[in-house]
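Sequences listed follow chains E and L, in order.
Its first residue numbered 1, the first sequence is counted upward by one per residue in the numbering used here.
Its first residue numbered 1, the second sequence is counted upward by one per residue in the numbering used here.
Source of the hints: derived by calculation from the structure; they are not laboratory data.
Given the structure is predicted, the values throughout are model-derived calculations rather than measurements.
In this text, a Cβ means the ideal position worked out from N, Cα and C, and glycines have one as well.
Please note: incorrect hints may appear among the correct ones.
Computed list of lysine to aspartate or glutamate pairs in EDC-like fashion (alpha-carbon distance at most 16 Å, straight line) [what the hints assert, rightly or not]: (1) L:K85 - E:D81; (2) L:K101 - L:E116; (3) L:K101 - L:D130; (4) L:K80 - E:E75; (5) L:K28 - L:D58; (6) E:K56 - E:E75; (7) L:K80 - E:D81; (8) L:K28 - L:D60; (9) E:K70 - E:E11; (10) E:K70 - L:D78; (11) L:K75 - L:D139; (12) L:K29 - L:D60.
Now the stretches of chain L that chain E is said to cover, found in silico as 3 or more residues with beta-carbon under 8 Å [unchecked claim]: (13) 34-40; (14) 66-72; (15) 80-90; (16) 111-117.
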Amino acid sequence: MLHIVNRSPGERSTLYSCLRLARPGHSLLLIEDAVYAATAGNAAADAIRAATRTLKVYALAPDLEARGMKGAAIEGVALIDYRGFVDLVAGCPVAQSWL
Amino acid sequence: MPTGWSYSATERARTGAFDLEENAGAIKKFMFVNRKAPHGSVYALEGLEVVLISAAFDQDVSLAFLDDGVYQLVKGQDTKAIETKNFSPAFRALEGYDIEKLYVERESLEARGLTEASLMVPVEVLAASDLAALMAGQDVVIGF
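Start from the sequences and build out the full structure, keeping to the hints where you can.
What follows is the structure, given as C-alpha cells:
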C-alpha cells in the first residue's frame, strides 16, 4: 500500500496519523509541504528516520527544489521525480492520500 | 441603468475616499504575521501582495515570520519543476519599498533545522517573548 501525505507536519497532524496506521512494508510518499518532514532538523525528521526502518519512504524532488530544501533531505529517503511518482502509484494496488 | 442601490454604493465609496484623505496624516503600526509555508497554499503569495500594497499607504509596516512561515524566506527556492510562480525574490525587493522590519521567531527556525544563514534577506531573529511584545504594541495585526 502507498500512503501519500501533502501537508507540513508543522501545520497539520496528517503525517503522524499516517505513520500511526501505515504497516511495515508499505510505501510513504511525501509531496508538497510534506517534504519539509524529510529535511534535517525538522521536528518530524526523527519520526521519518524511524519510519525508514519499516517503510519505503520517498519525497518528491521537484517539491524539495521549489522550497530550497533539496540539500537538506535526510538519508534513507528516496528522492523521486514525477515519473517516479507515476511508477509508484502504478506499482501499488492501493494508494491512500492523507488529506 | 444605474439603480438607487448603485448610486448609494457610489456615494458610500466617495465618502470612504474622503475619510481616507482626512486621516492621511495618521500613521499606524501594521504587522503582517506569516505562518504558512510558501508553495503549498496561496497564503504566502497573497500575504506578500497585501504587504506590497500596504507600502503605498506610508504606514509603519513590519513582517513577522513564525511557524512554517519561516520557510518563505529560505534561500535557493526554484519552482521551475512544479511550474508555479516563484515569488520568493520579491522578499528582496521589500527594502526598495521601505519595508525593512522583518522579524523571525527563533523557536520556529530551530524547530525546522534553519538558521539566519538559511534565509535570503537580512532579518532580526527574536525569541518568542520579544516577538510577542512587538506584536502586542501594534495598531493592526494581519495574519496570513
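- Task: Compare the structure with the hints numbered earlier in the document and write down the numbers of the violated ones, lowest to highest.
- Result: Going through the list in order, the structure violates hints 1, 4, 9 and 11 and respects the others.
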